[in-house]
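2 protein chains.
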Amino acid sequence: MKAKDMMDKDFIYATANNHIEEISIKMENAKRFTTPVLDENMKLIGWVTSFDITKGLRENKKLISEIMSPKEDVKYIRENDPSRLAVLETSKSRLISIPVLNNDDVVTGVIRSFEIVDTLSALYEVKVEKLYVAMDKQLKGITWDELMEASAITFKRNTGEEIKPEEYEKKIKNSTFGEAIWATGGLERFFAGLIAVGELVIARRIGRVKK
Amino acid sequence: MKAKDMMDKDFIYATANNHIEEISIKMENAKRFTTPVLDENMKLIGWVTSFDITKGLRENKKLISEIMSPKEDVKYIRENDPSRLAVLETSKSRLISIPVLNNDDVVTGVIRSFEIVDTLSALYEVKVEKLYVAMDKQLKGITWDELMEASAITFKRNTGEEIKPEEYEKKIKNSTFGEAIWATGGLERFFAGLIAVGELVIARRIGRVKK
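As they're listed, the protein sequences go chains A and B.
So for the first sequence, this note's numbering puts the first residue at -2; every next one is plus one.
So for the second sequence, this note's numbering puts the first residue at -2; every next one is plus one.
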């Protein structure tokens, strides 16, 4: 995923000659704590936060140019940068949003912490059943019943909790990946569990052939 | 993980009788766009955002009590709520931060989007090698060489790219879980790959025994 796939293209902005009061109202209405400052070609020239606004209002400043951070102090990323970079930059620099620029320095979008949280949390909210159904399609040699049997055994080994394959199937209908990581005690254990499932399926199959 | 494990206990707050100017300076210095409003027992009575501050300053309001949202309009979570709830609430309601209350309605912390991004992104930034080493410890019957061999074969099946076990080992030294999901084409494929690794290890072992 690239920055341009994650960014909000529908962003507010200010120009250097805008009045502070006018931009404060714009930011309140749009519920934005930050805004890029652009020139007439939509190129980035500065950045304004609500902190600049409150300070400017208290000190009776008039224009955005008097309160904005200049471009050289603004963190930004490029459209084709990996979206991971937006996550790392906002996290490292404690930013609430970061402007996205094309190669001509034109601002084409803004990535906000909301977009990041949405994207990151989507992973945790994936239903385990959905993952299993997709895995089942990938693993052409394994039947659904084999997958449930092996998973129930692995679950018991990991948690000590006795569970029937049908119960396991019911369990994953409602649980999410985030809960599954939590229940198995971490990502590594969850992954090790998947490998163990694969081992078990084959071992059990061979066991049956021998009988 | 519970809300109390994720929250920042070192938060700023306002009282109803504080002057708006005073709190605006406090928020600027602490770089906080929001602050809870507490009574003398640290119980939540309201919430103030930078938007309330800028509007209050423009309209010459004096006290926090004149501009705060009342408690009934404030979203909050409890200390023992799962931290997932903080993620869901902030994401759903587009909040930048959410106060955490104990059972006496005392505010004991604040969860901000930064803490959420940090926690969520930690998962993506986990080095694949670290996961493998931890998996290797869990999977007592499998040797590291078997794990690398089976992973290299699975990788080839998934991506079409020929890779030797030693090259695979080098590859995972520097790649993260986020990159691995991306490279294999999604979470389901990545998981299916792990099950396939388990299958392969056992199948290859039996193959060798037969020879």
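Misleading hints may appear alongside valid ones.
No distinction is drawn between identical chains; accordingly, a pair holds when it is met within one copy or between any pair of copies.
[Said to hold, decoys possible] 27 Å max Cα-Cα, derived DSSO-like pairs, lysine-lysine:
1. K52 / K153
2. K153 / K127
3. K124 / K(-1)
4. K167 / K6
5. K89 / K127
6. K28 / K72
7. K28 / K68
8. K168 / K(-1)
9. K(-1) / K167
10. K6 / K137
11. K59 / K134
12. K28 / K6
13. K153 / K(-1)
14. K28 / K59
15. K(-1) / K72
16. K127 / K28
17. K124 / K170
18. K68 / K(-1)
19. K1 / K134
20. K124 / K137
21. K72 / K124
22. K153 / K72
23. K161 / K23
24. K124 / K89
25. K137 / K58
26. K168 / K89
Honestly, the hints are just simulated from the structure, not real lab data.
* Asked: Between the shortest in-copy and the shortest cross-copy C-alpha distance, which are at most 27 Å for K167 and K6: within, between, both, or neither?
  -> neither (41 Å within a copy, 39 Å between copies)
* **Intra/inter-copy verdict for K(-1) and K167 if alpha-carbon distance must be at most 27 Å** => Answer is between: at 25 Å across copies they meet the 27 Å cutoff, but 36 Å inside does not.
* To do: Evaluate K124 and K89 at a C-alpha cut-off of 27 Å and name the case that applies: within, between, both or neither.
  => The answer is between: 18 Å across copies meets 27 Å, while 30 Å in one copy does not.
* Should K168 paired with K(-1) be assigned to within, between, both, or neither, using CA atoms and 27 Å as the limit? -> between (35 Å within a copy, 22 Å between copies)
* Asked: From the Cα coordinates, with 27 Å as the cut-off, is the pair K59 and K134 best called within, between, both, or neither?
  -> neither (62 Å within a copy, 64 Å between copies)
* Please work out whether the CA atoms of K28 and K6 approach to 27 Å or closer within one copy, between two copies, in both situations, or in neither? => both (16 Å within a copy, 26 Å between copies)
* Asked: How would you classify K52 and K153 at a CA-CA limit of 27 Å: within, between, both, or neither?
  -> neither (59 Å within a copy, 58 Å between copies)
* Is it within, between, both or neither when you check K28 against K68 at 27 Å Cα-Cα? -> both (23 Å within a copy, 20 Å between copies)
* Give the relationship of K89 and K127 under a CA distance limit of 27 Å: within one copy only, between copies only, both, or neither. => Between copies, since 22 Å is at most 27 Å while 33 Å is not.
* Intra- versus inter-copy proximity for K72 and K28 (alpha-carbon distance at most 27 Å) -> both (21 Å within a copy, 16 Å between copies)
* To do: Can you give me the call for K72 and K124, within, between, both or neither, at a CA distance of at most 27 Å?
  => Classified as between; 26 Å across copies, 36 Å inside a copy.
* To do: Give the relationship of K1 and K134 under a CA distance limit of 27 Å: within one copy only, between copies only, both, or neither.
  => Neither, since 31 Å and 40 Å both go past 27 Å.
Taken one by one, the earlier hints fail for this structure at numbers 1, 4, 10, 11, 16, 19, 22, 23 and 25, listed in ascending order.
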